[in-house]
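Student: Could you slot chain B onto chain A? The hints should help.
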Amino acid sequence: MRLLHELRNSEAYEIAEKALAGEELSRQEGYALIESDNLFLLGALADELRRRQVGDIVTFVVNRQINYTNACVSACDFCAFYRTPESGEAYTLSIEEILEKAAQAAREGATELHIVGSHNPELPFEYYEEMLREIRRHFPALHLKAFTATEIAFFSKNFGMSVREVLSRLKEAGLKSMPGGGAEILDEELRKKLCPGKASAKEWLSVMRTAHELGIKSNATMLFGHVESLRQRVDHMLKLRELQKTTHGFMSFIPLVYHPENTPLKRSMPELMRTSALDVLRTIAVARVLLGDSFRNIRAYWVMLGKKLAQVALHYGANDLDGTVVEERVAHAAGAKTAQLATREELISLIREAKRIPAQRSTDYEIIQRWG
Amino acid sequence: MKLLESADSEVVAALEKALAGEKLSLKEVALLLGSRDVKLLALAADELRRRQVGDTVTFVIDTNINYTNACISGCKFCAFYRAPGSSEAYTLSVEEILEKIARAVKLGATQVLLQGGLNPELSIEYYEEVLQRVRERFPQVQRHFFSPSEIVHISRVEGLSIREVLSRLKEAGLQSMPGGGAEILSDRIRREVSPNKISWREWREVMLVAHELGIPTTATMVFGLGESSEDRARHLLRLREMQAKTHGFTAFIPWGFKPGNTALAARHRIYEAGGIDYLTVVAVARLVLGESFKNIQASWLTQGERMAQLALCSGANDFGGTMIEENVVKATGYETRYLPPDRIVALIKQISRPAAQRDTLYNILKRF
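Top line first, the protein sequences correspond to chains A and B.
The opening residue of the first sequence carries number 1 in this note's numbering; numbering runs sequentially from there.
The opening residue of the second sequence carries number 1 in this note's numbering; numbering runs sequentially from there.
A few of these clues could be false.
[What the hints assert, rightly or not] Pairs of lysine-lysine, DSS-like flavour, derived with a Cα cap of 27 Å:
1. A:K171 x A:K192
2. A:K355 x B:K27
3. B:K23 x B:K245
4. B:K17 x B:K100
5. A:K355 x B:K245
6. A:K202 x A:K157
Since the hints were made in silico from the structure, they are not lab data.
So here's chain B without its partners, still in its complex pose:
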């Protein structure tokens, strides 16, 4: 039947290779990313997901707190930051942060993701104090704080090495780190969309040092910034190489650029990447990273609940978090809201998969 023979033979060959456990080359990964044969990619990625992590779909009860929006980076894809000194810039006091965490803990949060802008007015003592006081007051909550660009920023402000900064923060209570700020790990793209932000090599350095110090992290990718399939492929392979060295990444999280209220969209009239693009990225991520990362997150936050369900059938195995609080995506004008655990469980059951609550490090806490 023509149905099963119509696929591009090079695409099929690459998928066969991935299913056989072989490593795909840059060219093969780019070919898959550009193929748009989303049904076939999903078929292969879903099979690989089943073998690598089984059928259970996990999620975490978490909150995203942003301690400051004052930022000197001025990235063109960001609608959240304000220039330091702007009347709309804010910095939370430690007490305010503790209050927000207290509210999240009441809703069952086991993880607090804390990150913020690159605020030149904050010294390392602020970050240390936040960590220490959160540890003191909520020892049971995972402190999943600070992305690599914040670490580099602190090192510049303080004149300390990255290793020194991370060691001091770990000492103060840092347990794990979010993988934000990766965007696309290509300096060509970064020069265009975030010229003042760390280079891809600096992002790598922070992650490798963190892993060496025993601080696990996630890794993200923001797609839809005008990058090519090759750029995306390189991003995935760079992560695969890093993971081969350290095994410090717990998950890969691709999410889509939201153009609303951003300088990038105002200038280039960029439309948000569609559903086919998203599922392609998720499926190829499973094919390239699944063996070493194990966990690929669906992004209900940027893609919606229904697309998250499709992602879970296209290679993803994790629903992400409840996001009791979220500010960055909301700043683009896209409506975001807290997704309660029972809603997440219902969405997972709707696609006939077992649901489980996990902690930050992907240990199962409760099965449904």
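For reference, chain A alone in the conformation it holds in the complex:
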């Protein structure tokens, strides 16, 4: 087909050939890929690498999100979820309330709890330990994936403990792995503008390094589509690739689309819109190309993307849809219109329609059951 032959004349094609030959791409090559407007070529490359790296299985996890508090001293510009600790709308769940949610999750067949909150100065360290211990005592089968690296950095400062000490005590209490949130864009200048009140890029990476050293695996996210440049996304991915080379502790990469509604950033930049579907697909594709070899799992988080776009992303390098998520509050506070719940059957149907093999996984990507 002439259209396909014409693709050979592009710079992106040469880079794609290098990636397919198994060579690691340089920063400049990463820039060239994300800046090329050749979505077909990017998608074809990412899809082929995905097939080689993880095959045709598309995984999902049955989990429940618990946002234990929204009271936060960090006040990040891109966040619509937090309230100041003094606000009348701030809340903190009691251990009993958390156990109730855990009980419901267990009844619904969840294998994982995804527990994240804000930086709440009023909670004692024992709250977190007790939360983990109590859940573990009542529901030993639930995998506890809790606290982002920025929460851990906050605990360390707030309680005057080293990061290692914080993580060791939480691990002792039942922490199994960590979600990848709070990474935003790992760029110090950008963070000074957007989220000066929370962990720096260096701190985020350092928490993850320590966690991995302690045997606590984690994910890594990237919040994109706000004010960062395309090159800053590539730089972000390369920082993760670098750390992964030494620790091998990341289980997956999760690109998160910035939702502007109700965020302070949107108030100062009213023209901000959620980024386009094309931008989402190219970012996922570039993530597969740059991170697929060491991360293996690239997620299309359907709660953020919507089910339809998440399904399309499965043809652009993603191999995981994340979870059947009950009660996600953070993205929805920022105007995410997606349904709160996808049933297992619905995700299976979406995956099959994409001509891929559905499988339910555990938090650490062991296959629990596959269909086909």
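Tutor: Frame of chain A; chain B shown alone:
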């Protein structure tokens, strides 16, 4: 490089044929629809779209008014209708319709799409009066009224031929017609999902007569009703044949079945078709119909804004309408809202394409 050679050779051959301007056979169209190679289909369809209509993405400022929800058809995919006599059934008075149009005109509407259920209590005089009074009060607004099943219903209630009904309505002010009620143009599927609704041949007859009388129409397809790739392919080829006769279709509009609150989903546990399926339908529609229809609409209403953007890169060239009012999809429990023109323009610009407001017949009114 393996990348560019991995595609199914039959799929590539069919795409080559379409790009060379040749007509695809039923078998080829079904093959493309079933292939799921959505990136490759989109690549070819996007190229064809560029050649056939250029880069401009159009939209219309419009409203969808439903004059009645009382309906004897009882289609299993519909969450909007109520049985005549039900306490939840309604029929709008002409004054109520005029009020709704007045509100839409204030927001810049150039088109009113008016359709409703098959209500046995309404005579042709009601439809004529609506047309006449809308024409009188809002002569500048395009009267894009009544789908083929309503026309057939009026002809049965009144004992008139389809030609007589359409002639009288045209006389009263009908300017163009929406292409609804096509669903899947296959009697096998229609027997299952809408046994009381017109057959596919009746749908065709109404459209051919309308076109002969100088009433242009659009054509729709509702996919995800349990049909096969062959059923979809036949639908597209039937439209292509009709268009070859009359050239009366202005656009093709595929949209996805929304299962919420419908008898069909309650009985068969049907999930909504996904994004890959949608983009496949759009791309193949461009490959099969683009030459004669020119305009393929993206459906932000049923697919969301982001999927509409992808559709515009997979063969579609039109963003549809602002839908100042919309009731039918909303009845399925899916949140729909008015999309203001500046939002549509921003969404189009986000994918680096020129945006333009159009009228019902695809004349450009304003470029952005």
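Student: Which of the listed hints are not met by the structure?
Tutor: 1, 4, 5
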